[in-house]
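Peer 1: Kindly produce the complete structure, drawing on both the sequences and the hints.
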Amino acid sequence: MSIITYRDALNHALREEMQRDDRVFLMGEEVAVYQGAYKVSKGLLQEFGEMRVVDTPITELGFAGVGVGAAMAGLRPVIEFMTWNFALLAIDQVVNAAAKMLYMSGGQYPMPMVFRGPNGAALQLSAQHSQAWESWLAHIPGLKVIAPGTPYDAKGLLKAAIRDDNPVVVLEGEMLYNTKGEVPDDDYTIPIGKAEVKREGDHCSIITHGKSVLIALQVADALAKEGIRVEVVDLRTVRPMDVDAITASVRKTNRAVVLEEGWEICGIGAQVVDYIQRHCFDDLDAPVLRVHQEDVPMPYAKNLERAAKPDVAKTVAAIKQVMYLPTA
Amino acid sequence: MAKKKTEPRAEPTFGATDAPTRASLLHSMLLQRRFEERCAEAYALGKIGGFCHLYIGQEACGTGAISVLREDDYVITTYRDHGQALARGIPARAIMAELFGRSDGCARGKGGSMHLFDRNTNFLGGHGIVGGHVPIATGVGFAIKYRGTDQVILCFMGESVVNTGAFHEALNMASLWKLPVVFIIENNRYGMGTALERASSIHDIYQRGAAYDMPRAQVDGQDVLSVRASVAEAVHRARTESLPTLLEVRTYRFMGHSMSDAVSGTYRSKQELEEYMKRDPINVLRAHMEGQGEIDDAGMTKLDEEVKAIVQDAWDFADASPEPALESLWEDVLVETTT
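As given, the protein sequences belong to chains A and B, one line each in that order. Residue numbers for the first sequence follow numbering that gives the first Met the number 0, beginning at 0 and rising by one. Residue numbers for the second sequence follow numbering that gives the first Met the number 0, beginning at 0 and rising by one.
Keep in mind the hints are simulated off the structure, nothing from the lab. Idealized CB from N, CA, C, for every residue including glycine. Treat the hints loosely; a few may be bogus.
Stated by the list, open to error - Pair by pair, the computed Cβ-Cβ distance ranges are: (1) A/Y299 to B/K269: 33 to 39 Å; (2) B/R146 to A/E46: 56 to 62 Å; (3) B/R118 to A/D186: 30 to 36 Å; (4) B/E335 to A/G48: 31 to 37 Å; (5) B/R69 to A/Q276: 21 to 27 Å; (6) B/R146 to A/P183: 58 to 64 Å; (7) B/K269 to A/M50: 51 to 57 Å; (8) B/E36 to A/L124: 31 to 37 Å; (9) B/A39 to A/V295: 38 to 44 Å.
Claimed, not checked - Just a sample of chain B residues kept apart from chain A, beta carbon distances all over 12 Å, derived: (10) L44; (11) L195; (12) D219; (13) L224.
Peer 2: Set out below in structure tokens:
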């Protein structure tokens with residue numbers, strides 16, 4: 000066990016999987032000579048050479064399609080988007096090609112590939128660079144969508160994604176890359192589709208994923224000082240979603256807040272709330288509330304950006320509301 | 000015919016044919032023609048649904064091109080894919096069953112007319128988003144180079160693709176990385192109902208290859224032997240030098256864009272259609288073979304009976320094939336996988 004960053008956890012996952020299987024290659028903008036826009040691919044070019052660590056032109060639609068074609072011909076591509084905001088240019092390949100190929104070919108062409116990169120807001124990058132796309136991607140049958148929130152989960156889930164014979168979307172985060180945590184030195188994977196209770200509690204559940212896990216844990220710490228025991232359920236995978244983990248927690252706490260980086264309308268939280276009302280209707284002591292980005296494009300100014308993002312204070316307020324406690 | 004490079008061909012006889020090869024090209028084109036005539040009939044009867052785009056008039060393009068491939072090469076194409084699928088050797092039965100939406104179809108009834116796939120012949124699909132499959136072809140070329148084998152991929156597309164970003168992104172990478180991809184534009188003059196001259200800023204669209212320093216040529220798409228020769232040269236370049244080529248194959252579709260539009264009268268005139276139909280690719284090859292004494296009227300009639308029997312057999316097979324089991328609705332969304 001070592002304490003390493005989320006960035007290095009991803010780097011180790013890539014290195015180990017490329018050592019393990021020579022069909023695995025990494026392709027994207029600045030992944031090779033520049034060593035990765037966020038240094039996730041540091042050292043890989045030197046170890047694996049330019050055929051397996053491939054710098055592309057700025058051509059998202061093109062190289063996403065190259066990944067699809069390479070997967071059809073038997074390779075296992077890892078396609079890096081510098082951010083998921085840029086992946087909108089490539090969404091036809093993700094949605095119309097990668098997610099559909101197995102089905103529309105009647106099972107003849109699996110798509111063993113990964114699309115990965117940072118998702119959601121960083122700091123003051125304003126409207127076009129600060130968006131969380133998981134509800135768009137999770138909408139699509141044929142994709143798996145993972146959103147690890149810790150270095151341990153990042154390594155284990157990325158390794159599982161690379162070994163998966165289906166197209167897997169990996170949502171990372173600029174603000175996560177420098178976070179640190181304990182990561183085993185030896186080989187391990189985390190099953191896709193399994194949530195984890197990151198903090199046990201019996202007063203209220205927070206259901207969340209990705210970067211928001213860090214907010215949820217801060218909320219749990221803050222409320223513990225007031226004697227409120229919050230359970231943090233980290234979905235880790237948003238498609239397929241671990242409905243059993245959600246229902247088990249809500250049946251225990253009878254109250255839930257769903258926290259996510261994305262916008263409200265048709266968000267991941269809307270799906271979580273649907274599962275809760277279907278499976279836990281009689282267990283609920285209060286309506287489920289959601290915390291999310293305000294329904295506006297992300298502004299640049301520090302104060303406005305802070306106001307737009309979900310945060311600890313908004314989440315604490317939501318929990319107090321579902322517990323019918325006075326809010327500050 | 001324009002070529003980027005002027006050095007003499009390494010081999011002057013690319014795609015040369017003998018009498019049996021010409022007979023097989025004629026058989027393939029006639030099979031495609033009769034097959035699709037019955038498709039139109041089946042569509043009218045409601046046996047084929049959805050979108051259905053016929054290849055009638057363009058048969059020489061796919062037939063000549065695919066005739067130079069090896070078994071381990073790849074083909075990828077658009078939604079106008081019946082003819083190329085037959086030329087590549089997917090059984091007529093499996094194609095017709097797919098069109099009828101039956102379980103014995105080449106995509107088990109999940110794809111339909113626009114999405115014919117066949118792993119046995121490396122037929123990587125008909126694709127329904129204009130331009131979307133072109134980067135995929137570049138990716139297959141990348142995989143071939145990655146593995147160090149000498150396969151090639153043929154990527155068919157209509158001329159309207161050249162105005163999509165995907166086309167440019169794909170050609171740039173194929174040329175930048177020197178990948179064994181032959182991009183074949185079947186220029187049938189109309190992207191749905193919009194004439195090339197109303198859609199593209201240049202009209203000799205093989206010149207688009209200049210932007211990517213890619214070998215390129217314009218080819219008579221009604222003459223299967225010309226198509227075969229040009230594609231053979233491009234395939235040779237891909238196989239031996241790992242270089243891409245852009246070919247503009249000039250052809251014409253004798254039918255509407257799909258089953259729902261008039262053959263002429265809206266975006267093209269009856270006179271124009273009739274003019275182009277004088278150069279039916281089947282008749283062009285037949286005339287050549289007659290000149291060589293390789294076929295006569297009796298031979299043509301016999302061949303026609305032969306292919307009609309294949310098509311009737313395919314129809315009967317498709318008709319008898321069961322509908323996909325309802326459980327299959329949920330199959331092949333994802334692969335069962337263990338990590």
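Peer 1: Hints first: check each against the structure and report whether it holds.
Peer 2: Against the structure, the hints:
1. Under the hint 33 to 39 Å, the C-beta atoms of A/Y299 and B/K269, about 60 Å apart, miss the expected range.
2. For the pair B/R146 and A/E46, the beta carbons lie near 20 Å from each other, so the given range of 56 to 62 Å is not met.
3. Distance hint check for B/R118 and A/D186: the Cβ-Cβ separation is about 32 Å, which falls inside the suggested range of 30 to 36 Å.
4. Between B/E335 and A/G48 the C-beta distance comes to about 33 Å, which sits within the given range of 31 to 37 Å.
5. Checked against the hint of 21 to 27 Å, the C-beta distance between B/R69 and A/Q276 comes to roughly 58 Å, which is inconsistent with it.
6. The given range of 58 to 64 Å is broken by B/R146 and A/P183, whose C-beta atoms sit roughly 33 Å from each other.
7. Range check, B/K269 to A/M50: about 55 Å between beta-carbon atoms, so the 51 to 57 Å window is met.
8. Range check, B/E36 to A/L124: about 58 Å between beta-carbon atoms, so the 31 to 37 Å window is missed.
9. At about 53 Å, the beta-carbon gap between B/A39 and A/V295 misses the expected band of 38 to 44 Å.
10. The beta carbon of B/L44 sits about 24 Å from the closest Cβ of chain A, which is more than 12 Å, so the claim that it is off the interface holds.
11. Once the 12 Å rule is applied to beta carbons, B/L195 is consistent with being away from chain A; the minimum gap is 23 Å.
12. Against the 12 Å criterion, B/D219 stays outside the reach of chain A, whose nearest CB is about 30 Å from its own CB.
13. With a least beta-carbon separation of about 30 Å from chain A, B/L224 lies farther than 12 Å from that chain, consistent with its non-interface assignment.
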